[in-house]
Amino acid sequence: YEDNTYEITDGFDNIRVDSDVSDIVFKHSSDGRCIVECHENRDSIHSVTVKDNTLTINNAETYPWYIWLSISFDSPKVTIYLPDTGYGELDVESDTGDVTVPGGFIFDNIDISTDTGDVDLSASTTGNIHVESDTGDVELSNVECGKDIRIDVDTSDVDLIDVRCRNLVCEGDTGEISLIRTIVSESIRIQNGTGDVEFHDSDASEIRVDTSTGDVSGNVLTPKVFDARSKTGDVDVPNYATGGSCTIRTSTGDIDITVG
181 YEDNTYEITD GFDNIRVDSD VSDIVFKHSS DGRCIVECHE NRDSIHSVTV
231 KDNTLTINNA ETYPWYIWLS ISFDSPKVTI YLPDTGYGEL DVESDTGDVT
281 VPGGFIFDNI DISTDTGDVD LSASTTGNIH VESDTGDVEL SNVECGKDIR
331 IDVDTSDVDL IDVRCRNLVC EGDTGEISLI RTIVSESIRI QNGTGDVEFH
381 DSDASEIRVD TSTGDVSGNV LTPKVFDARS KTGDVDVPNY ATGGSCTIRT
431 STGDIDITVG
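The opening residue of the sequence shown carries number 181 in our numbering; numbering runs sequentially from there.
Careful, some of the hints might be misleading.
Claimed, not checked - DSS-like cross-link-like pairs, simulated, lysine-lysine; straight-line CA separation at most 30 angstroms:
{"id": "1", "residue 1": "K327", "residue 2": "K207"}
{"id": "2", "residue 1": "K231", "residue 2": "K257"}
{"id": "3", "residue 1": "K207", "residue 2": "K257"}
{"id": "4", "residue 1": "K207", "residue 2": "K231"}
Bear in mind the hints are in silico, worked out from the structure with no lab data behind them. Predicted model, so just to flag it, every value in this text is computed and none were measured.
Model the full assembly from the supplied sequences, consistent with the hints where possible.
Right under this line is the structure:
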């Protein structure tokens, strides 16, 4: 492995990162400069360029991941130091590397895709957020999203903590989906297979949850007109005549929701 540092002097609004196995970490610049640090395999050096108003970071050459393991158990990493200002599009793709974007950054839109890497996102947007992961866990915390959030996962766990957005769509398979102090102004749509869905002090004007064997439990903040049905599971929800709609469907999962 070797360490390479790139200082970005050209202006840009958008950021695109495409790296196979490297962890991708965004940090706040302490001196106002934009710096990209790459701890990388010498056989897979990253290309760092600015073109068409976009900072682009990707692997100039790629090799199978098992070759990297045969050489070293060290972990490749790309660290991007950004000045505290607003940015346009953030587009990140990673196979096995984790992606970390801290709070304090504001983008127009964020699109993050990983295979097995975890996603830890605390940045905010004026527009939309889309996160996709196969087996890596996804956590959004202290996120202010101006428009809509969509999360697509397979076996990953999803945690939304102190999140605000207009609409939320989350689709999963076997992982658990947890909403903690997450407030959605319009609608929440959650579809999960065998994973549980939990609400903790979270709410939306309209809620729809569909699971197969996963349980649905927790509390919402305001009264809802509940339409909750399970083929073989237990159902325990309040009976309100007015309020927003909350529709829950499961096959064998239990449903236990309270208000307040």
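> Are the Cα atoms of K207 and K231 separated by 30 angstroms or less?
Replying inline: Roughly 22 angstroms separates the two Cα atoms, so the pair holds.
>> For K327 and K207, compute the direct alpha-carbon distance and say whether it is at most 30 angstroms.
In response: Holds, at about 24 angstroms.
> Between K231 and K257, does the CA-CA distance stay at or below 30 angstroms?
Replying inline: Between K231 and K257 the Cα gap is close to 23 angstroms, so the pair holds against 30 angstroms.
>> Hinted pair, alpha-carbon criterion (30 angstroms max): K207, K257. Please report holds or violated.
In response: holds (13 angstroms)
In terms of the numbered hints stated before, the structure departs from none.
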